[in-house]
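Position chain Z with the ligand relative to chain L; hints supplied.
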Amino acid sequence: MSTQNEADHHPDGATVHGTTDPIQILDADGTVLSNAEVPDLSDDDLVSMYEDIKLARQFDQRAISLQRQGRIATYAPMTGQEGAQVATGYALDRQDWLLPTYREHAAKYVHGMKLSALLKPLCGLREGYAIPDGVTVMPEYIPIATQIPQATGMAWGEQLQGQTDTAVLCHFGDGATSEGDFHEGLNFAGVFDVPAVFVCNNNQWAISVPREHQTASETIAQKGAAYGIEGVRVDGLDPLAVYAVTHAALQKAKNPADGERRPTLIEAVQYRYGAHTTADDPSTYREEDEAEDWREKDPLDRMRNFLTNEGLLDDDLEAEIDDRIEAQLTDAIESVEGATTHPTTMFDHVYDELPDRLREQQDELESLRKKYGDDAFHEVLE
Amino acid sequence: MSSTGSDEAATPEEESREGVSQVETETETATATTTETMNLVEAVRNALHTEMARDEHVVVLGEDVAENGGVFRATEGLLESFGDERVVDTPLAESGIVGTAIGLAMTDMRPVAEMQFMGFAYPAFDQLVSHAARMRSRSHGQYTVPMVVRAPYGGGIRAPEHHSESKEAFFVHEPGLKVVVPSTPADAKGLLIASIRDPDPVVFLEPKLVYRAFREDVPTNAYETPLGKAAVKREGSDVTVYTWGAMVHPTLIAADNVADEDGIDVEVVDLRTLSPLDVETVVDSFEKTGRAVVVHEAPKTAGLGAEIAATIQEEALLHQEAPITRVAGYDVPMPLHELEDYYLPQALRIQEGIRETVSF
Ligand SMILES: Cc1ncc(C[n+]2csc(CCOP(=O)(O)OP(=O)(O)O)c2C)c(N)n1
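In order, the protein sequence lines correspond to chains L and Z. Sequence positions in the first sequence follow the numbering used here and run 1 to 382. Sequence positions in the second sequence follow the numbering used here and run 1 to 360.
Note that these hints are calculated values from the structure, not bench results. A portion of the hints provided could be inaccurate.
Stated by the list, open to error - Quick partial rundown of chain Z residues pointing at chain L, CB under 10 angstroms, derived from the structure: (1) Glu76; (2) Leu92; (3) Glu94; (4) Gln116; (5) Arg158; (6) Pro333; (7) Arg349.
Unchecked claim - Pairs of lysine to any residue, SDA-like flavour, derived with a Cα cap of 20 angstroms: (8) Z:Lys300 x L:Tyr351; (9) Z:Lys300 x L:His349; (10) Z:Lys167 x Z:Asp341; (11) L:Lys114 x L:Ile333; (12) L:Lys54 x L:Glu320; (13) Z:Lys300 x L:Arg359; (14) L:Lys370 x Z:Glu356; (15) L:Lys370 x Z:Tyr342; (16) L:Lys371 x Z:Glu356; (17) Z:Lys167 x L:Leu358; (18) L:Lys370 x L:Glu360; (19) Z:Lys300 x L:Arg357; (20) Z:Lys167 x Z:Lys300; (21) L:Lys371 x Z:Arg355; (22) Z:Lys300 x L:Asp348; (23) Z:Lys167 x L:Ile142; (24) Z:Lys300 x L:Leu354; (25) L:Lys114 x L:Gly124; (26) Z:Lys300 x L:Pro355; (27) L:Lys252 x L:Glu37; (28) Z:Lys167 x L:Val350; (29) L:Lys370 x Z:Arg355.
Said to hold, decoys possible - Facing chain Z, from chain L, some residues (calculated, C-beta under 7 angstroms): (30) Ser178; (31) Phe347; (32) Ala376; (33) His378.
Small disclaimer: the values here were computed from a predicted structure and weren't measured. Positions of the beta carbon are idealized from the N, C-alpha and C atoms, including for glycine.
Isolated chain Z, as found in the complex:
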């Protein structure tokens, strides 16, 4: 059973669980000995491989994850390495996948369930919000659901209907779920490992637009990038742009452009974990710059931008020098691909948002 035995998180006893090899694992700060260059999807695969090798309780399940290696190849090679009891092609049923994953987690397994696309996770919504999120609370800390639900999300790849949405707010709204979004290969690996080891259920959203967009050196060892910690991707003093996932890249471009063209000094914060939010980093940065822009692909209304803006108002109102701007998807259904460039925030719209905020 995933009994915590106390009101405390189960993390300390992790290393002594049966079937968990005692290899040294390092935190982000430790210097890695070797690295390999990987893109984001390869880093996801590498994290899964690393954790499956370390802990025999880790199992991967979902649609087309085994023989086919996942429609984005995120689970490629796992079947060959770990066999069909640990890498499982399920019937086509998301509620079945997440419901059984909860059951597996309750019996001390560490399931990593894949939703083929975020837009197809909705049949599993009931299991996620009514059970995974609340097992700890309902059982008064007796049981937890140490499960990860991975899902590619986001637009920009000319995909068919329902394959491009960005609905992270649905999951962030549910207390008890953690919601994690990497934007780089190294973070993808470290955050996924941390998510698998986390005693609580984690919705792990992978920005598929940048699955293969760029490569970077990724440590080959097992390391955790801590959940709940944002990353300052670029330091600046005039305005902070808060973003995550596939929007980090165009935001950094926009920041460079407004620096060159307008002399605006932009700080860029990649939230990395959307729930629980790293309020400290959000507020610290705002206290420094006094201006904020939030960029997300998701529709503007009730998107995370609203939560961030409200948090800043609550915590740092007296530092505020301009209205907080949201550069977001419009409040319309994600259009088919002909119009998706108009729907998604591009560097163009981000620059515009930055300039407007700074010139207030």
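Chain L with its partners taken away, still in its complex shape:
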């Protein structure tokens, strides 16, 4: 990978990378920077990366409106952050593990989850977090930062079993870097030198708390130095740069050069355009126009301009993409809406074998349902 950043060529990693300006490949209008190199992706991959970013943005809008209509529960939007999610996903090999948070809908999709599966937890379905066979995506992590030491453990486990072609990538926000689990996970990763890539989606806000209030460190990437691992800052709204940086980190994780440590902390500098979740009202704590500067560097616009400049995208293809996205979203929503699960499935998969005590409770629930009917459970009795 080559970029405009001098620091990138610096032989010894962490501190230097960690404090530089974010690495970019595309400038704000999508032109390839003169000293940067477009990553080695096929034309088809570049176009489909764009399509996935666009799909993610549409998914976001649909999910927000479904929530407003009461058809799904609280949703964490990703607009502004789709570029980084999709690009990190493209950098992964099929067998690599992905540990997402509640916001990484697009990252999950790119790594093999169906759109309908993304909607299931939002519909509150019992099987909401089920992961299909062969898809190496962990159920989303809601308690902040808890995935970080687990990512280290999974990377360690793969390493102990000689799976040298498998790395683990975990996502988290800027707020997560304040938790003890962040420290513990990265420290173990450094000590055991495991094939893990830690992607901090620094979207500038942890609900209402701004980045500068979260840590007195100048950057998040520089925290890598404390663990003896490389820290890299990348423009999180530049999908090509995020791809390049993540791809390099994964390669290093699997196959480090002499003297290189496997783990990397990537700080993808971006912005949460919208609310923290549909339950949040950002106007109580930040200025609406703060987003303007960031929108100038919008990942979707940048990729569109890039592809158009390269002659890879025109109006016909754009229309085709839009149709495909629309059809996919409609299908996904239809397939989950109205879906129900049997109430006693809450007793499934608690243990390998259902203990007698739970079986009795399950029977009790069944006999109540028989006696009173399901509606009785949903009525608020007066």
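Frame of chain L, contents of chain Z with the ligand only:
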């Protein structure tokens, strides 16, 4: 320092602490001059405001409590009234919040720390159980941790995973911690004020399902609802239902329904403080009715229902006329919202439990 200077609680000297204004405070029994109608979350806010105005040592800290006024708006307006040295948005770290709150309390501050949801308090568990709970005991009464840790808890609001659990038993199990759960706006205010003034650490659990469920008249003055005292919400002679938090409301409905439909006369006891338990009220009521049902959202196994049933057996066995019934959450992880109505005890299941107990 929060030195008690003796083996006794620090309460009597409270009023003379520096920075504590000498306004009259009244106990529950005193007649309040004015009232305002409030819901439960407004009452929490009002209590915080009242105590912060009275005692400049009271500080509020947590995630999103200042600028945003808390994700449930429980701390709204406090930043404007008391400034950012006393209403503090912390970094996102629960062990950091509770650990620093212990430190603040040790230096004579009165921290009220917020855990955004009970399900996110676990990183702070070590600080709570290994230190807050034991400082008095370890220092042989020399030091205390006069700290409150507030946390919304409980189900029924279609929240995402980890936002609906009811794990009060974890905290009740730890000697040295007090655990308080209001079920009404007036109790929320009085109990929170009492918790802030209490010389020992208090885990104050707020049933978020009823944050905005109903309003009632709440005295505008500063008053304490004593910790460790249950409230008899409904008198009856056939069976006692013990409960707390968001389950009080459906229990009262169930009590009315079985009175109408089956002529069963139910007494309802709202425990209000889970630790220390008001054994006297629990036992007195049982001696009267001879039958008990315990209702809680928490999983049945090793929930507080077990403690209450055992206490009754120890203290009032000879009055017992029927097995004690527990109507509780099932012993499974709290399901995502599609199934939460089946998981939580509803009036339906409570009625069923009452009938079963009485017809034994
Ligand atoms: C341990 C824990 N504490 C608190 C919360 C409540 N909470 C949910 S999201 C959030 C902010 C997270 O900010 P950040 O890590 O920057 O990620 P972002 O949501 O911005 O993607 C908080 C405090 C939680 N889920 N887990």
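Each hint tested on the structure:
no. : hint                : in the structure
1   : Glu76               : holds (9 angstroms)
2   : Leu92               : holds (4 angstroms)
3   : Glu94               : holds (8 angstroms)
4   : Gln116              : holds (9 angstroms)
5   : Arg158              : holds (5 angstroms)
6   : Pro333              : holds (7 angstroms)
7   : Arg349              : holds (7 angstroms)
8   : Z:Lys300 x L:Tyr351 : holds (17 angstroms)
9   : Z:Lys300 x L:His349 : holds (18 angstroms)
10  : Z:Lys167 x Z:Asp341 : holds (18 angstroms)
11  : L:Lys114 x L:Ile333 : holds (11 angstroms)
12  : L:Lys54 x L:Glu320  : holds (12 angstroms)
13  : Z:Lys300 x L:Arg359 : holds (13 angstroms)
14  : L:Lys370 x Z:Glu356 : holds (17 angstroms)
15  : L:Lys370 x Z:Tyr342 : holds (13 angstroms)
16  : L:Lys371 x Z:Glu356 : holds (14 angstroms)
17  : Z:Lys167 x L:Leu358 : holds (19 angstroms)
18  : L:Lys370 x L:Glu360 : holds (15 angstroms)
19  : Z:Lys300 x L:Arg357 : holds (10 angstroms)
20  : Z:Lys167 x Z:Lys300 : holds (11 angstroms)
21  : L:Lys371 x Z:Arg355 : holds (14 angstroms)
22  : Z:Lys300 x L:Asp348 : holds (17 angstroms)
23  : Z:Lys167 x L:Ile142 : holds (17 angstroms)
24  : Z:Lys300 x L:Leu354 : holds (16 angstroms)
25  : L:Lys114 x L:Gly124 : holds (17 angstroms)
26  : Z:Lys300 x L:Pro355 : holds (14 angstroms)
27  : L:Lys252 x L:Glu37  : holds (19 angstroms)
28  : Z:Lys167 x L:Val350 : holds (18 angstroms)
29  : L:Lys370 x Z:Arg355 : holds (17 angstroms)
30  : Ser178              : holds (4 angstroms)
31  : Phe347              : holds (6 angstroms)
32  : Ala376              : holds (5 angstroms)
33  : His378              : holds (5 angstroms)
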